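Residues per chain are reported as follows:
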Amino acid sequence: MAKAAARKTAPAASPSVERRPALAGRSTTAAGVKVEVLPPAERMSLRAPEGSVAALSKALGVTLPNKPKTSASKGGRTALWLGPDEWLVIDEAGNDPLADRAKVSALHSAVGVSHRNIAISVTGAGAAATINAGCPQDLSLEAFPVGAASRTILGKTEIVLLRTANEAFRVECWRSFSDYVFTFLSEGSRDAAV
Amino acid sequence: MLLIRCPYCEEERPELEFRNAGEAHIARSANMAGESDDDFEKFFFIRSNPKGIIYERWRHMHGCARFFNAVRDTVTDKFVMTYKAGEPKPSKLPGVGK
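So the sequence lines, in the order shown, correspond to chains A and B. Using the numbering used here, read the first sequence as starting at 1 and increasing by one per residue. Using the numbering used here, read the second sequence as starting at 1001 and increasing by one per residue.
Here chain A stands alone, though its shape is the one from the complex:
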C-alpha cells in the first residue's frame, strides 16, 4: 500500500521542492580524514531473478554486477551488488532509477528508498582506519579495491559501504541511524589520525 501511494505522489513533487536530508551539510575534519554528509541522491532497492537482469540493465543504463562485493557505475548512477538477486541503485545525477525501469516487463521488484538512506563520505589517508573503528571487514586495497561494495555493519548499525577511490568511501546508512553513524565516524576519524 505504501508503495502504491508513493508511486502516486512521486511525479507530483516538482524538483524545486526543497529536500533536506538528515544532518545536511554536517562535516568534520581530523588529521588526514574528512567525514561529511553528501547531498541527497535518488535510490532504488532492486530484487530480480537472473533472467531479468539483462532487460533491467538496459533500462537503467548501467550493467547490474553479478559478482559478490562489486559495483558498476555509469553517468552518475551506481549499481551495488548486495546479494545474489539484490542491488542498490544510487543516482547522483538526479534521474530517478525507479522511473527508468517502469516499462520493464521482466519480473522484478523495485522500491524507491531515496529518502530512507543518507550518504556520508569518508575521505583521506585515514579513511579505511576510520571505518574500521566499527566495521570488521578487511578494507585493504587487495581485499576491498576501488569499486568494491558491500552491506556490512558499523558499530551497532547496518551500513552499505562503497569504495569510490583509493582513499575515499561512501557510507550509506538509514536516516534514523545517521546521527549515530556520523558521530561514530567522527570519533573514529580522531582515533585514525593518531
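FYI, nobody ran anything at the bench for these hints, they're computed from the structure. For clarity, every value in this text was computed on a predicted model and none was experimentally measured. For every residue, glycine included, the Cβ atom is placed at its ideal position computed from N, Cα and C. Be aware that one or more of the hints could be misleading.
[As the list claims (entries may be wrong)] Beyond 12 Å from chain B on every Cβ pair, some chain A residues (computed):
(1) V17
(2) R19
(3) A22
(4) A59
(5) S73
(6) K103
(7) V113
(8) T164
(9) E167
[As the list claims (entries may be wrong)] For lysine-lysine, the following DSSO-like pairs were computed, each having C-alpha atoms within a straight-line distance of at most 30 Å:
(10) B:K1084 x A:K156
(11) A:K67 x B:K1078
(12) A:K67 x B:K1084
[Unchecked claim] Facing chain A, a subset of chain B residues (Cβ under 8 Å, in silico):
(13) M1001
(14) C1009
(15) E1010
(16) P1014
(17) L1016
(18) G1063
(19) A1065
(20) R1066
Given chain A's structure and the hints, the job is docking chain B onto it.
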C-alpha cells in the same frame, strides 16, 4: 573473532555479520494436519544437540542476507564447511576423520 565463509559472497566474513538460525535439514511435513502429535513434537521441538559435528542454518544477515548451511564442531567452535541452502548434506567433511 570467527571468520565464516559465506557461500554466496564466496569469501570469509567476520562473525558479526552473521546470525545463527537453528538446526539444518529439518524437513517440514507436506501434510502437517495429518501428522500425529508425536511426529509433530519431534519436528517442532526436538533437536539433536550433539557434542561434536552439527549441521546448522546460518544467515548472512548484515551482508547478502542469504540463509545457508554450515557444519560446525560444537566442541571446538570451528566451522568445518559451509554450503548453499537447498544443497544436500555433504557426505564427506574436509578435515574430519570418519
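Okay, the hints, checked on the actual structure:
no.	hint	in the structure
1	V17	33 Å, holds
2	R19	28 Å, holds
3	A22	21 Å, holds
4	A59	24 Å, holds
5	S73	20 Å, holds
6	K103	28 Å, holds
7	V113	15 Å, holds
8	T164	20 Å, holds
9	E167	23 Å, holds
10	B:K1084 x A:K156	27 Å, holds
11	A:K67 x B:K1078	27 Å, holds
12	A:K67 x B:K1084	16 Å, holds
13	M1001	6 Å, holds
14	C1009	4 Å, holds
15	E1010	5 Å, holds
16	P1014	4 Å, holds
17	L1016	5 Å, holds
18	G1063	6 Å, holds
19	A1065	5 Å, holds
20	R1066	6 Å, holds
Of the hints listed earlier, there is not a single one the structure fails to meet.
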